[in-house]
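S.K.: In order, the protein sequence lines correspond to chains Z and W. All residue numbers for the first sequence refer to the working numbering, where the first residue is 1 and numbers rise by one. All residue numbers for the second sequence refer to the working numbering, where the first residue is 426 and numbers rise by one.
The set of hints was computed from the structure by calculation and includes no laboratory data. A couple of the hints might just be wrong.
Coverage of chain W stretches by chain Z, computed from C-beta distances (three or more under 8 Å per stretch; other residues unrestricted) [said to hold, decoys possible]:
id: 1; segment: 526-533
id: 2; segment: 669-681
One side of the interface only, derived from the structure: several residues of chain W facing chain Z at Cβ under 8 Å [unchecked claim]:
id: 3; residue: 456
id: 4; residue: 567
id: 5; residue: 644
id: 6; residue: 648
Beyond 10 Å from chain Z on every Cβ pair, some chain W residues (computed) [said to hold, decoys possible]:
id: 7; residue: 437
id: 8; residue: 439
id: 9; residue: 466
id: 10; residue: 491
id: 11; residue: 494
id: 12; residue: 496
id: 13; residue: 500
id: 14; residue: 520
id: 15; residue: 553
id: 16; residue: 554
id: 17; residue: 615
id: 18; residue: 641
id: 19; residue: 656
id: 20; residue: 659
id: 21; residue: 686
id: 22; residue: 687
C-beta atoms are modelled at their ideal positions from N, C-alpha and C, and glycine is treated no differently.
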Amino acid sequence: MNRAGSGPDEPGAGVPGTHAAFSALLEDSAEELYESAPCGYLSTLLDGTIAKINATLLGWLGLSRADVVGRMRFSDLLTVGGKLYHETHFAPLLRIQGHLGGIALELKTATGSRLPVLLTSTLKKSHDGEPLLIRTTVFDATDRRAYEQELLRARRAAEEAHRQAEADRERLRETLQVLQRSLLPETLPDIPGVRAACHYHTASTMQLGGDFYDLFALDDTRTAFFLGDVCGKGPQAAALTSLTRYTLRTALLHDVDPVADLAVLNTALLDRYTGDDPRYCTAVVGVMDRVGDTLEVRLASGGHPPALVLRADGRVDTLATAGGMLVGAFPSARFAPAHTTLQPGDTLLLYTDGLTEARVGPHHEMYGDEALESFAAGLAPTAPHDLVDALKDLLRGFGDGLDDDTALLAIGLPARTDTGSRSAR
Amino acid sequence: MSIHRRNNIRVTGNASGRTVVLVHGFGCDQNMWRLVEPALAEENRVVLFDYVGAGGSDLSAWREERYSSLDGYARDVVEVCEELDLRDAVVVGHSVSAMTGVLARAMAPDRIGALVMVCPSPCYIDEEGYRGGFTAEDIDELLESLESNYLGWSAAMAPVIMGNPDRPRLGEELTNSFCATDPDIARVFARTTFLSDSRKDLGNVTVPTLVLDCEQDVIAPPEVGRYVHAAIPGSELVTLPATGHCPQLSAPEATAAAIRSFVSALGR
Chain Z
1 MNRAGSGPDE PGAGVPGTHA AFSALLEDSA EELYESAPCG YLSTLLDGTI AKINATLLGW
61 LGLSRADVVG RMRFSDLLTV GGKLYHETHF APLLRIQGHL GGIALELKTA TGSRLPVLLT
121 STLKKSHDGE PLLIRTTVFD ATDRRAYEQE LLRARRAAEE AHRQAEADRE RLRETLQVLQ
181 RSLLPETLPD IPGVRAACHY HTASTMQLGG DFYDLFALDD TRTAFFLGDV CGKGPQAAAL
241 TSLTRYTLRT ALLHDVDPVA DLAVLNTALL DRYTGDDPRY CTAVVGVMDR VGDTLEVRLA
301 SGGHPPALVL RADGRVDTLA TAGGMLVGAF PSARFAPAHT TLQPGDTLLL YTDGLTEARV
361 GPHHEMYGDE ALESFAAGLA PTAPHDLVDA LKDLLRGFGD GLDDDTALLA IGLPARTDTG
421 SRSAR
Chain W
426 MSIHRRNNIR VTGNASGRTV VLVHGFGCDQ NMWRLVEPAL AEENRVVLFD YVGAGGSDLS
486 AWREERYSSL DGYARDVVEV CEELDLRDAV VVGHSVSAMT GVLARAMAPD RIGALVMVCP
546 SPCYIDEEGY RGGFTAEDID ELLESLESNY LGWSAAMAPV IMGNPDRPRL GEELTNSFCA
606 TDPDIARVFA RTTFLSDSRK DLGNVTVPTL VLDCEQDVIA PPEVGRYVHA AIPGSELVTL
666 PATGHCPQLS APEATAAAIR SFVSALGR
């Protein structure tokens, strides 16, 4: 519309021809507005009989006024599904609320085709509140219905994809669990006179961790053990863990010198992982020899946090293995040996750095070696399974601060007053 | 989870009067009875509830296996009666729930002493010698439209279903909410309802029974009311001067009057 030169109070004033156009518009009768409105109008009696209908809707339906007025009920225009919906939802709601909007239905046209529409109805009431008739406006919703069907298709596809993804995720979780378990001993062996307990904390069920441990008898008096942490996570780490575990087991069967066993592992890892993809680990490897009622422990560390010994008298010793280098990183790596004697009531603790590097407190500080020593000192003397239980509680208390896998292995001798052998997971 | 909470039970009316249990049909919930409830409450104790899956019931208690047969809905009726320790209650069932009432009475004869069947239909599909009002094709089309077009079907309810408590405005805008039904639940209820055939159960009804139907009913034609009346020995048939399938809304006074007169004739 060209409004140039018009005052707001005089539309069209001053522009020749515009005034006449407005007059023509204003002469548009209410009847004309009703009949030729861009939507359908329908008035029905309370029993559904159609009393009035506009030309627009008749045109959409392909029916004549004489076919419809006084002869058809509103539900006659509906499909069977629509009829049932009308009777069970639409009509009750309209009666209760007096108004109903945005209802999607399909009308049957004279040719048998279906016209998707959106309906809005109001209940006209008399002065004393008695319902008199129902007025309905009908909007052609063909485009909207097509759009809805697109949405519906997309939604179904999304739902299906989601279901599939959930199923895949569950399968992957199961696979990972089986694989993870295969990297750890099913149970610790029962070794006469020795007590042992272990724990593996998995940071994520969707990610393979890289911690490992093992404990196994070499012969009647000697027992081998190791615990470590390979670099990285996921399938690569799992493959590395597998290689590490079986290399160490084989090496220990051939040579009871832990430094030599770490050297064998170092060579194996360097052989296997060459070039741009170095793979390494940290590990503590040891052999225990039964001598009388004590255990002579010789171990070696390659870049791994020091083992702790919780003594029967309440002291905590750190088995210093500083200077031991990462295993699998350097051809000429050196590993640090240590030796201790476990008396009855002593407990040796091996752990991975998930424990000491957990974030704690309001400032997310590292838990740290000193805190662990203090914690151990508070427990000593203690038996392996009690120690592991206490550490499990500690890990649980870290909550979200514990974001790495953590392995624990505790080995000890029963106190002198305490007899019998047992091992616990 | 108590049955009270699960089925959104509401008890009103005259506590010393005979108990009338109002059971809604497919499509809505206990609000269907709101126009007849005041008149019934004058003399009777009135029990209202929603089937699990409808209205204010606990949707988490809904199980497809249970609610895929009318027995599942009948068990809701029985469990509501047990929860309130009812004896000789009058069960007023609308539409498909008229048949649910019949099944519930067979399950718990001590608790249900009379039936009112409002626009009942024991079978919706026409057969040789029986007029249910729909052809098998009609019902297929209905179920098909439910399967393939649930967005359209649920347009009135979708905002409620999609609405979440964090956006209460959505719910407020939508006044149609009380008849809202989850589309999956509605589909199961529709299939169970419109494919049901409980005609053989009618002959087992031995309690006083009132059959109420309408002069004009798109869903249950007059033949169905007459069929039910004829199949239940000693039943009473009242045809209301009403149109549609919901006389409790379109003719609440006449509906309430018919129920009251039936119940008061039963005695206490």
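S.K.: If a hint holds in the structure, say so; if it does not, say that too.
M.R.: Hints, one by one, checked against the model:
1. 526-533: violated (count 0)
2. 669-681: Per the Cβ count (5), the hint holds.
3. 456: holds (6 Å)
4. 567: With a minimum Cβ separation of about 5 Å from chain Z (threshold 8 Å), the hint on residue 567 of chain W holds.
5. 644: With a minimum Cβ separation of about 5 Å from chain Z (threshold 8 Å), the hint on residue 644 of chain W holds.
6. 648: Because about 17 Å separates residue 648 of chain W from the closest Cβ in chain Z, which is outside the 8 Å limit, the hint is violated.
7. 437: holds (18 Å)
8. 439: holds (24 Å)
9. 466: holds (18 Å)
10. 491: holds (21 Å)
11. 494: holds (20 Å)
12. 496: At about 21 Å from chain Z, residue 496 of chain W clears the 10 Å cut-off, so the statement holds.
13. 500: Label holds. Min Cβ-Cβ 22 Å, cutoff 10 Å.
14. 520: Its Cβ does come within 10 Å of chain Z, the nearest being 8 Å, so this is violated.
15. 553: Per Cβ check, residue 553 of chain W is outside 10 Å of chain Z; nearest 21 Å; holds.
16. 554: Its Cβ never comes within 10 Å of chain Z, the nearest being 22 Å, so this holds.
17. 615: violated (8 Å)
18. 641: violated (6 Å)
19. 656: Given that every Cβ of chain Z is farther than 10 Å from that of residue 656 of chain W, nearest at about 23 Å, it holds.
20. 659: With a cut-off of 10 Å, residue 659 of chain W remains clear of chain Z, as the shortest Cβ separation is near 30 Å.
21. 686: holds (23 Å)
22. 687: Given that every Cβ of chain Z is farther than 10 Å from that of residue 687 of chain W, nearest at about 23 Å, it holds.
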